[in-house]
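Student: Using the supplied hints, reconstruct the complex from the two chains, each of which is provided in its own coordinate frame.
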Amino acid sequence: MFALLEGAGFTKVKSAVVPGFRFRKGSTQSAAESFGVKAVMMTARKP
Amino acid sequence: MPAVALEMNPGKEVPLADSVQLADAQAPLESTIKSEVIRMYQEVADRPDQEFHFYHGREAALMYGYDPAWLDRAPAGAVASFAGVGNPHERADIQPGETVLDLGSGAGLDGIIASWRTGPGGAVIGVDLNPSMCLKAQAHAAASGTTIDCREGRMEDIPLPDASVDIALSNGVINLSFRKRRVLQELFRVLRPGGRISITDIVSAKQLSQSIVNDPKLWAS
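Protein sequences appear in the order of chains A and B.
When the count follows this note's numbering, it moves up by one through the first sequence with no breaks and lands on 47 for the last residue.
When the count follows this note's numbering, it moves up by one through the second sequence with no breaks and lands on 1221 for the last residue.
Hints should not be assumed to be uniformly reliable.
As the list claims (entries may be wrong) - SDA-like mimics (lysine to any residue), calculated; alpha carbons at most 25 Å apart, straight line:
(1) A:Lys38 x B:Glu1051
(2) A:Lys12 x B:Asp1162
(3) A:Lys25 x B:Lys1206
(4) A:Lys38 x B:Ile1038
(5) A:Lys14 x B:Gln1095
(6) B:Lys1206 x A:Ser27
(7) B:Lys1034 x A:Phe35
(8) B:Lys1034 x B:Arg1182
(9) B:Lys1206 x A:Phe35
(10) A:Lys38 x B:Arg1039
(11) A:Lys12 x B:Arg1039
Unchecked claim - Computed from the model, here is a short list of chain A residues facing chain B with C-beta under 8 Å:
(12) Gly7
(13) Ala8
(14) Gly9
(15) Val18
(16) Arg24
(17) Lys25
(18) Gly36
(19) Val40
(20) Met41
(21) Met42
It is worth saying that the hints were derived from the structure and are not from the lab.
Being a predicted model, the structure only gives us computed values, none of them experimental.
Even for Gly, the Cβ is constructed at its ideal location relative to N, Cα and C.
The shape of chain B in the complex, shown without the other chains (with noise of 0.2 Å):
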């Protein structure tokens, strides 16, 4: 999920204060950003033959190193879908029997891989803005033979439990959104102590323009 992105990374050349308070800012910007982004990534799902400015589907998942084992053997849809910007599971060591939480779940994809790693006696909670993409991302579960809970929700809001999971990831979801700060903060609460995470994100090294920031076209896509 490729989108510009607000870099909050000390010693380039923007402070991370002023990049927090910019984001801050921004947030009543937030609910036309949720629509933009909605609407860009239904797109992608509804119809992933499109050509976008990012890559995407089982070309965008090659390269980033997903195992073709992997997109041979999950459901077309999830993979022709797959709206990732890098690949998550490289550094995510899953175990049996862990919760994992797919922060921006999308078609599904991301969450299958996990559920194919916990197995039976583990759990994959996915998060989606959009709950016609939740209900893609269960049916490409079940039709995969494994299972996700996905739930509506944001993910400056991540709708579950205190340190209710083990390992959190998240896959070009987190530079969408104006609050990051928040994201973070919010992916700690939710993780059991040890709990780790492991995303692949956009960040830039210089601050956007403030035209870029305030499009909601630009910022979702």
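Pulled out of the complex, with its shape left as it was, chain A reads as follows (with noise of 0.2 Å):
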């Protein structure tokens, strides 16, 4: 997602992971742990 927004023309792509984030079903979240699931907060500007 960061290259996709830079892609775009955006700059100052800055991003961080959202603290906690989790799903609620067990079998879920164990799931996405194996892909690597997160999820993140980014901020960026259009020049």
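Tutor: This is the structure in structure tokens:
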């Protein structure tokens, strides 16, 4: 996503992991973890 | 709005170009995905007492750091239907008088909070796939004494003119699109020079299996 934002023309792209994000169901959380799924917050600016 | 997603992060296990090409190749599934996304999040809005595989409502909003005072002030229906994955307001720094786009506005909680920041001199424009969600968002905004101009539309073709927005928010929505590059290009187009985005979303460090990519229910949920 970071690279896509820069590719679209955005600058000052910043990202951070959303602390505490998780799925409610354990099976979904386990599957998500196996794919490295995480929630992120991103900011960027149009020059 | 948690969902599985293709991450496009260089340096990870999935090369950028491969992910984009795969996503583009799935475009024919889009109409099916659209229907499933509408169904899923309509259910969250209509039956927020249900348990979903993701956290939603006040519990989720508090988990992501929303100010409890916001949640007390906002209409109960908007809070109960909240299905975001983070708090895009944390770094949005919305100023009075600004025009805000809430991409995937759902039941309206993020738009309502944004409208409190912009004040009467600003504007909040919601965009949602589902026209009935737009009606909910506008009703919730009215109930909280503010206004959201919500428009039915797709994030790949945002129904706004060029350079018309100061800041775009989005919360757990972009991951639902097969054409993420297109979505980000659209966000860039509608922003004014100097405009900014503050989004929260789901990403994956690994390529999703084809069985997930091809399953509208898994993609949407």
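Student: Which numbered hints turn out to be false for this structure?
Tutor: Going through the list in order, the structure violates hint 11 alone and respects the others.
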